[in-house]
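In order, the protein sequence lines correspond to chains E and Y.
The opening position of the first sequence corresponds to residue 1 in the numbering used here, with each subsequent residue numbered one higher.
The opening position of the second sequence corresponds to residue 281 in the numbering used here, with each subsequent residue numbered one higher.
Keep in mind that the hints were calculated from the coordinates and are not lab data.
Among the hints, erroneous ones may be present.
Which chain E residues face chain Y? A few, computed with CB under 8 Å, are given here [said to hold, decoys possible]: (1) 46; (2) 48; (3) 133; (4) 234; (5) 238.
Label pairs and their computed distance ranges (CB to CB) [claimed, not checked]: (6) Y:480 with E:123: 32 to 38 Å; (7) Y:558 with E:39: 40 to 46 Å; (8) Y:605 with E:24: 38 to 44 Å; (9) Y:628 with E:48: 54 to 60 Å.
Some chain E residues flagged as far from chain Y (calculated, every beta-carbon gap over 10 Å) [said to hold, decoys possible]: (10) 112; (11) 153; (12) 166.
The beta-carbon is built from N, C-alpha and C at its ideal position, and this holds for glycine as well.
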Amino acid sequence: MTNRDFWRGFARNKGAVLGLLLLLAVMALAAFADILFPGDPWEMATAPFQPPLSGDALLGSDMLGRDIAAGIAHGARVSLVIGLISTAVALLIGVTLGAVAGFHGGWVDDAVMRFTELFQTIPNFVLAVVLVAIFTPSLTTIVIAIAVVSWPPLARLARAEFLSLRSREFVQAAVTTGQSNLTIILRQILPNSLSPIIVSASLMVATAILLESSLSFLGLGDPNAMSWGYMVGAARTMIRQAWWMSFFPGIAIVLTVLSLNLVGEGLNDALNPKLARSRG
Amino acid sequence: MKHRLAAIHRLVAGGLLATALALPAAALAVLSAAPALAQETPVRGGTMNIIVQPEPPLLVLGLNQQGPTQTVAGKIYQGLLTYDQKLNPMPSLAKSWTVSPDGLTYTFKLQENVKWHDGKPFTAKDVVFTTSKFLVETHPRGRAVFSRCSSITALDDQTVEFKLKEPFPAFIQAFEVSSAPMMPAHIYEGTDYRANPANATPIGTGPFKFKEWVKGSYIHLVRNDDYFKPGQPYLDGIYFRVIPDGVSRALALESGQVQQTQYSDVEPFDVPRLRQLPHLEMTTKGYEFVAPMSWLEINHRVKPLDDKRFRKAIAHAIDRTFIRDKIWFGLGRVPTGPINSVVKFHDPKVTVYEHSPDKAKQLLDEMGLKPGADGTRATVKVMPMPYGETWSRLGEYLKQALGKVGVKVVLESTDAGGWSQRVANWDYEITTNFLYQYGDPALGVARTYISDNIRKGVMFSNTMGYSNPKVDELFAGAAREIDPAKRQEMYSEVQRILTDEVPVVWLLEMEFPTFIDKRVKNANTTAIGVNDTYDDVYMTAK
Numbered sequence: 001m002t003n004r005d006f007w008r009g010f011a012r013n014k015g016a017v018l019g020l021l022l023l024l025a026v027m028a029l030a031a032f033a034d035i036l037f038p039g040d041p042w043e044m045a046t047a048p049f050q051p052p053l054s055g056d057a058l059l060g061s062d063m064l065g066r067d068i069a070a071g072i073a074h075g076a077r078v079s080l081v082i083g084l085i086s087t088a089v090a091l092l093i094g095v096t097l098g099a100v101a102g103f104h105g106g107w108v109d110d111a112v113m114r115f116t117e118l119f120q121t122i123p124n125f126v127l128a129v130v131l132v133a134i135f136t137p138s139l140t141t142i143v144i145a146i147a148v149v150s151w152p153p154l155a156r157l158a159r160a161e162f163l164s165l166r167s168r169e170f171v172q173a174a175v176t177t178g179q180s181n182l183t184i185i186l187r188q189i190l191p192n193s194l195s196p197i198i199v200s201a202s203l204m205v206a207t208a209i210l211l212e213s214s215l216s217f218l219g220l221g222d223p224n225a226m227s228w229g230y231m232v233g234a235a236r237t238m239i240r241q242a243w244w245m246s247f248f249p250g251i252a253i254v255l256t257v258l259s260l261n262l263v264g265e266g267l268n269d270a271l272n273p274k275l276a277r278s279r280g
Numbered sequence: 281m282k283h284r285l286a287a288i289h290r291l292v293a294g295g296l297l298a299t300a301l302a303l304p305a306a307a308l309a310v311l312s313a314a315p316a317l318a319q320e321t322p323v324r325g326g327t328m329n330i331i332v333q334p335e336p337p338l339l340v341l342g343l344n345q346q347g348p349t350q351t352v353a354g355k356i357y358q359g360l361l362t363y364d365q366k367l368n369p370m371p372s373l374a375k376s377w378t379v380s381p382d383g384l385t386y387t388f389k390l391q392e393n394v395k396w397h398d399g400k401p402f403t404a405k406d407v408v409f410t411t412s413k414f415l416v417e418t419h420p421r422g423r424a425v426f427s428r429c430s431s432i433t434a435l436d437d438q439t440v441e442f443k444l445k446e447p448f449p450a451f452i453q454a455f456e457v458s459s460a461p462m463m464p465a466h467i468y469e470g471t472d473y474r475a476n477p478a479n480a481t482p483i484g485t486g487p488f489k490f491k492e493w494v495k496g497s498y499i500h501l502v503r504n505d506d507y508f509k510p511g512q513p514y515l516d517g518i519y520f521r522v523i524p525d526g527v528s529r530a531l532a533l534e535s536g537q538v539q540q541t542q543y544s545d546v547e548p549f550d551v552p553r554l555r556q557l558p559h560l561e562m563t564t565k566g567y568e569f570v571a572p573m574s575w576l577e578i579n580h581r582v583k584p585l586d587d588k589r590f591r592k593a594i595a596h597a598i599d600r601t602f603i604r605d606k607i608w609f610g611l612g613r614v615p616t617g618p619i620n621s622v623v624k625f626h627d628p629k630v631t632v633y634e635h636s637p638d639k640a641k642q643l644l645d646e647m648g649l650k651p652g653a654d655g656t657r658a659t660v661k662v663m664p665m666p667y668g669e670t671w672s673r674l675g676e677y678l679k680q681a682l683g684k685v686g687v688k689v690v691l692e693s694t695d696a697g698g699w700s701q702r703v704a705n706w707d708y709e710i711t712t713n714f715l716y717q718y719g720d721p722a723l724g725v726a727r728t729y730i731s732d733n734i735r736k737g738v739m740f741s742n743t744m745g746y747s748n749p750k751v752d753e754l755f756a757g758a759a760r761e762i763d764p765a766k767r768q769e770m771y772s773e774v775q776r777i778l779t780d781e782v783p784v785v786w787l788l789e790m791e792f793p794t795f796i797d798k799r800v801k802n803a804n805t806t807a808i809g810v811n812d813t814y815d816d817v818y819m820t821a822k
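Looking at chain Y on its own, in the form it has when it is part of the complex (with noise of 0.2 Å):
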């Protein structure tokens, strides 16, 4: 009954929450340029068109990091780092950086000659503020992560020293620009910094410069002529074009009026057509840092859901490879556990769950669930999430596919509000969901699985509401480990326990199609794809 008081509310409210909430769904793409185009001299001159959907409420990172903030922002904004697509470390605003052996003291040397778009310069005191003040008030995960230093101390204007409390070998990950984006303290210290009247006017340290934002059309960034790397941007501008319908954004891409798409702009039913454009290059690269993995989310208050043989029945209930290839039209990895394959620590020999209504069947049985007049086990309701059709045809599946071995599935539906209040509130049995991942398990995977996270009214914490002392212990153990060796064997403990115990039923490692214009070299080269500067991206002549 209380959903039914709260609809109105989220009827107006629906349409933000649904935005907000299909950002991190919708936010990454990333191409690989193929090493032989590198050698081409750089063209300089151009002007890149770039999708950006759902249209960002603002361009200020720091303050809100949604998947297309990140997108049109990383040109504005850098971090210290950023990564290649196997997630090691590369220099952006750090020239250099070094880890004691004691894995608590990180410094960071940074790049010479950097200016703010207003022309002062880019300092070590700016990081300090940074990451010290403006993003522990603001930033979710950066203030999960920087409250694990004692100290962060500017040793010159180009060196900041961080100081751990103990050791945390994922915080060498946490640098990209989302996670970390470098704001100026010369703007923001002593304001407040959401009511800050710069925010309509970002200022950051990047390749392009905010020049003019149509809400509802566009967002126009120009070249920032005293970038730190000479002779760099070589594209004059991007414009990030707001197209809010599906067809029309897969129009915009085929007749060439946009030379980019990322994350969920195109639906996977258009891919397998998409690709076949001569003047398209489709990609899945460049999600490496988000890394998402999608599930089966199951309430272990609700029975029989709390009986692991019911969870394996499903398990087995499910055929993963047929959700790969006609539900997301082939995009995705069948996941073997819960760290997805492209993240460190993953390990693939653990118990994996092959297609066999039979072995669910069985299992069943020996829970004493037995076929009823209709042939009928038991009953459990299904609310797929509201982000779109794939996810209503991935419910469809379920019901039929649990149906097969006598687990009836009523679907229930809901809107976006709607859905992560429920969940949120543990006010669900089954449901779909999926959650980004951050390159360490200790960022972005231990947050569901770990009992401390039980936290209701929170979404994406554990909401399943499992709990095992053991995986809490070694997740946490593996967070402070400084020996890689001893981290992989925690880790790799954890995924046995999580695959024997199937807290969620895992259906995909999933993928992103990025398409973009065979005239454009050298975008999305790393980890974070999309979202990086494109300082070196160039366009060929027609």
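Chain E with its partners taken away, still in its complex shape (with noise of 0.2 Å):
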């Protein structure tokens, strides 16, 4: 497939148009935070409870007077941090767990997905949860506990994957010609079955984010760290005397999630393009 293919493929999608934009402009925002709002966010720059519009608070002030826009832009780099790393380590770990056991198959398959379900049997939340408390929060803490409880769904993914490509004739011609398993599994295995691999990761960092805020709005996230959840967690309260304070930083995970669930489907539509057009 080409460049072009991919990018036709993607831009059938609207959908996945707009989430692209709307993205970039998180990450734009992410990037320039310090440029647009220099300083700490955590700064008491304004007096407490202004509304939105008023004074030098675009979006108003939370109840010690910081800027809620400049909570939402510092905010944006630690959803987005988050996010792409907790999926790459829960890529990491699923990608190998599920090749190794796809591609062996055996005793080893079994060991593997045995271990797997363990993981799957805790829901995802409170075993991300108990993780944190126990670690005490940070950002790094954070970022191992969400990708401790992502990697199950991406491990039996690669599995399928591997299993199913395992037995093709391409694969038993690089057997044949003596290459090593570990060859086998990253030069020809693996490239074949990433499509589905990058459709679920993109997804996954929407979970990842949609997570941290979760954490952060029961207070367990990093408390040095200016991040979305903890906007609301704390705002929540007073949702009666100042709505803004929790409804803008909503408003930017339901953009960020929405954005990443309609990249995630363009991907899906591009790097399947005969599914796609089968469904017209």
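Work from the hints to combine the two standalone chains into their complex.
So, in structure tokens, the structure goes:
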């Protein structure tokens, strides 16, 4: 598939293009947070409880006079960084285990899949809460906790792909030419099984952002990092006095997660063109 | 690493611990009835609904003195005395009392015709049993006070005499219902107090009797018709409603389903809104006995926190008026020093630390802590109390305020169990804390600063590790001095020393909001406010 095919497939899905634009906007916000809102987002820059569009706080200020807009811009960094890194870690764990299980089969497959099921039987969020609580909240522990609860579906997906590709002729050919198992996994099977993995990884970034927001909402975020979930959590009790404090960060979460889902859809269409076309 | 290993246990125990720890914090409220109302004729009848939060573990006040337990059990049990809002003793189960001129002998005359809820008479024997046997075994504060007695004797059925080993003028402050609740000797004598089956159905002398307890929902008390004051109490009964969610508590109060909330039932940010409601009266009176004081607790074992110039710099760097107005929504008073201004022997003539980042920077310069390339002079770890968002906001404020003078703050988060474990074991740099003062510096203030009380593993002791022999001597001397003028001198001097050395940075004399429906009269009139008997409380028609 050429790049052009890919973009054509992607662009056919209007929602995906919109999602990509939104996502780029969020990324730009995160990248330029220091220029748009210089200084510390925790800074009590203005009077407390300023409604939106008043004074120098575009989206209003919170109970300590912190600028909500600055919080959203700086929070975008935390959300994106956590979403991307934890997905990368989950990919590493999930794809490795899935590949090993699918490629080797037999007792290795059994062992790895039972291990995966062990994680799948524990509710994601509960496990994440427990992990963060045990290791005390910080950006690192949150990333690890999210990765640890997110990898099992990836492992199952990778295993299924590997199982079916394992018996294909090009893999048999590679075996007969004497390539090592590692080379076969990395150079032959993995590139051919990437499409579904990329699609689910893009959706996983969205889930990771939601997980981080939920943890912060519960007060299990990094207390030194401004994040959207923290903003909503801290403002929740004051919703009757100051709706804007929870509304805008909430909107930021919704838009980002939505954009990632739309992009995921678009990737799916682009990477599985037959499927997309058959849908019309 | 050891906190991490302990963390799983804490997850299980954390909820329970949080409840236990939050209780002292969550417990008090009082309203003063206007004098004009007292002249109305009380109406008999009516049932009052009061929030109780969190739900008490049991109601036997001699065994458990957590805040919510006190509010409920204060209607069932009684102490010998209660206190007016200036902390002067007033009769409760004791009709009158005398103190010998040498300050060693306290004699109490008891009320007549007092009966326990099971019909047995209340006599001096019960008082002797409670103070010499029951409380010394079950009640930490009671043990500290009554172990100072050389003898406790019933002179006759209506008279009890306490003889002290050495003078202790704070003794008279130790007889309200939570410090010394009278327990029935005929039920507890010779038994294992904590395992006594009667603990499920508390028997006291108070105006209300235990009727029913539906766990997780309500505790129902009904009028004691044999109460020793004729015609009282006026109410038919009281329901204590358990409502764990803050928003629901505020709604119950707004809609008139409950007629009273106290201590931390209403979150500070809801107070301004609820105060506007025409059917409610808000007061911060009735907490004079507990008189909570909050502070930044600083571990003197960590550099540079051991240098008093650094602690002074912190005191100058923070704006305590901002903290009071913006974080506590105006509830509380900015303190001058270690003794709450409503407690006896408070002296405002001390070193006061106004908000001045410049002075803070100057002190840090003096210490040789120059700003580095990024403006940072020193880094400290602050662990806010895990008791709700007000304390988290305070942590966020401290990070900003100290950051402005070049002290970088790293916030640590923890759960309630982990917090008390780390503070008690001195494993912290800076945290926030608050303690009750119990009406007299000898009872509630000295414990934080005297070096005898540096005890590893014990919460609410001198966990900072502050030690000054002069301070120890003054607190010890003032505790046994019977001349109030001389006591004042010693306490004034100790306040001057402490405000100069800043062992902790005092933040706020905390106030709790008590909301009471305007139909309820005479509630919350003493220094123990909502924990008093309510034997003269009545409700007017809607």
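Hints versus structure:
no. : hint                         : result
1   : 46                           : violated, 12 Å
2   : 48                           : holds, 6 Å
3   : 133                          : holds, 6 Å
4   : 234                          : holds, 6 Å
5   : 238                          : holds, 6 Å
6   : Y:480 with E:123: 32 to 38 Å : holds, 37 Å
7   : Y:558 with E:39: 40 to 46 Å  : holds, 44 Å
8   : Y:605 with E:24: 38 to 44 Å  : holds, 42 Å
9   : Y:628 with E:48: 54 to 60 Å  : violated, 29 Å
10  : 112                          : holds, 26 Å
11  : 153                          : holds, 26 Å
12  : 166                          : holds, 41 Å
Hint compliance for this structure: hints 1, 9 are broken, all remaining hints hold.
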